[in-house]
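> Listed below, chain by chain, are the residues.
2 protein chains.
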Amino acid sequence: MTGSNLCLPKVAVFGTSTVSRIIVNVLQQEGFQIEAIWGQTPEEAEFLSRELNIPYFTSRVDDVLLRKEVDLIVILCTPALHSQIAVKALGIGKHVIVQSPSGLNQDETLRMVQAAQYYPKLCSFLSNGLRFLPAVTKMKSAIQSGFIGARINLVDVRLNMGSIIGKKYSWLCDDVMGGGVLNVFGAHIIDLIHFLTEQSVTRVHGTVRTFTKTTKYIHGIRQIKSDDFVSFQMEMSGGTFASVTLSSQVCGFVQEFHVSGDEGRLIVRNGDLFGHQQDTSDEDIILFQDVSQCSSGLEDPLLPSIYLNGLSTMFSSLADLFRATAVDESNNAKFRSPSSDSKAKFATFNDAQHIQAVIEAIRTSSKERCWTKVTEKSEEEILMMLSENTF
Amino acid sequence: MTGSNLCLPKVAVFGTSTVSRIIVNVLQQEGFQIEAIWGQTPEEAEFLSRELNIPYFTSRVDDVLLRKEVDLIVILCTPALHSQIAVKALGIGKHVIVQSPSGLNQDETLRMVQAAQYYPKLCSFLSNGLRFLPAVTKMKSAIQSGFIGARINLVDVRLNMGSIIGKKYSWLCDDVMGGGVLNVFGAHIIDLIHFLTEQSVTRVHGTVRTFTKTTKYIHGIRQIKSDDFVSFQMEMSGGTFASVTLSSQVCGFVQEFHVSGDEGRLIVRNGDLFGHQQDTSDEDIILFQDVSQCSSGLEDPLLPSIYLNGLSTMFSSLADLFRATAVDESNNAKFRSPSSDSKAKFATFNDAQHIQAVIEAIRTSSKERCWTKVTEKSEEEILMMLSENTF
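Chains as they are written, first to last, in numbering that gives the first Met the number 0: chain A, 0 to 390; chain B, 0 to 390.
No wet-lab data here; the hints were simulated from the structure.
Incorrect hints may appear among the rest.
Because identical chains share one entry, a pair is satisfied inside a single copy or across any pair of copies.
List of simulated lysine-lysine pairs, DSS-like, C-alpha gap at most 30 angstroms [to be verified]: (1) K224 with K372; (2) K139 with K212; (3) K215 with K137.
All chains should be built: construct the whole structure from the sequences, respecting the hints.
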């Protein structure tokens, strides 16, 4: 560990999936020291602790959170646990990074928002790496510099991927447990559109479908209930229209992200950025070519290479944030909150609640077959709903 | 002209656009003799008649239709004239091929349907070439042989293209005149989905937008009213769900046509066919690669190379149909109707009416922001509407 890494918080990771392994590798590459790992079972936790040289392992949540040397909690386990672990961790004074989907519903994400507001000096971010992808960063700069004109007319996104369901029945097979392409990838895309347009989503129309209900591995009593195809349209607060298609019906992974305005358009195709300005050439010109070879030897359909690249850059930025804070600090607190400015790029729990509200509106729209207003619940509403259910 | 071409009907072409020129080339390559050309102005007609060695030119519709030596009318002019020319031509006993969009509304296509029903021995087809594209023919065979399973779950289509608006204000700038990506390309895609699934469309949801209202060439008083972005979803009579995105916001032309079922999927990407069966490999395998180089030296955004390839094959099949009929015939009629069996692949005016009904439902859905039932109007309904408007 280099000297500058001494100021990085020590990390505990929740989750033992392939994605967890890949992210542990990324964290270690960025200089973070992984102190503890939590698994659903002691065996899973022990297996990974040996494989990845992590000193402490457990299957008890509190045992991780109460470890004094741990200052950063990275939550990668089943989404059903995200909210409660995040809220508890913030309450004990730990920085928190949560994988999307952030929670199972708005009630859960709202609790996370409240906890984050209560402890503003702690980092509480989503692990939405796409915001940090070089092509996306360059797309955002180009938009801000007026490359496509004064306003964004259309965002048009398409993701084609293979099945994200593994060989074993898991939370991925049930959208109520956080599974499905809308929860897993839709959350990233909604966030990216929000990030790039700097607009929130006001109304949505969507169709959410599950075409593949059984596979060679998952059949019999247990059927797949999570969506494998979603098409949705969104009206944004600043007048932009967005259209998104997510399909896990093909092989491989292709993501195309088009943004167009009166004077031009920009396209992020996987990790590359293309652009075209009206009345210039007849061809899209390449503005940035992705040459990164970010691979850990492990692969997972939940973490395509551009998502992994983005995540690496995100954790690198996070490390820089902690280093900058440590330099700024001269008093006795080892870790203080990084300044709000440097945090601006990260997806917050407020963003998580907006994403969750959009996803819920898309599901409602698909069920009720109509355009649906996106409604972010407030604390009062949730309390009222709970009391109505009780009496 | 070879001997076997002597039995082909002589042709009159309506229209003088680049597309007309390209199709005249195609017709000539397939052995058809072009006898007459009609243009909006005598000058346009004369110019093309000289360029393409067409003996007769005029700007008067009847003068073309009444020419005795002409037996096949190919209608490629502004869609506002399609229906009246087609109906008149059938009435005089000519075979008719009409470019999509077939007419401006269901009233117009219904008149074409009625005329076609009245003269069943005459060919009355749409020039929907995609049905004849080799990759599509092979996709249809694969579907019928059970490659993707017993039923089609999902059809997912995406077209990305450059602007289809030219340098001059024309019908392409106004959707009411037949312009816009929905009329021009949507018609082909709706037809192809109908053709491949053998299902009709029952309900639709769509968003139809015009983002680019002015260009370097078209500005001032005249604005572009035709759509340049459409996203629509369709429920089909046999349970298939279809999702289509048409966008003319990029450069070049890419068409992806995905069809998936319980046991596999097929993808026509431009002119190539890919396929994948569940539980076989991890990659899509190429089933057919397009090596055709169908080019006339002319290019037009309304006729991307796969559309041109399809059209060539369609006119080649049409020539075969006439030759087969001529061989079958031993009586004195020079041209008789080809048998119904060999006609099955061509898009008929009944198909045109269904396409028009779907397009109208998509526009209604976009305006009223709800799922909309596809209603094919009957003659009685149209008569009733007309009488209500009159009194």
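> Next, verify each hint and record whether it holds.
Structure-based check of each hint:
1. In this assembly of identical chains, the alpha carbons of K224 and K372 lie at most 30 angstroms apart whether taken from the same copy (25 angstroms) or from different copies (28 angstroms).
2. In this assembly of identical chains, K139 and K212 lie within 30 angstroms of each other by CA distance solely across copies; the values are 25 angstroms between and 39 angstroms within a copy.
3. For a Cα distance limit of 30 angstroms, the shortest separation of K215 from K137 across copies, 27 angstroms, qualifies, whereas the shortest one inside one copy, 42 angstroms, does not.
The structure meets every hint from the earlier list without exception.
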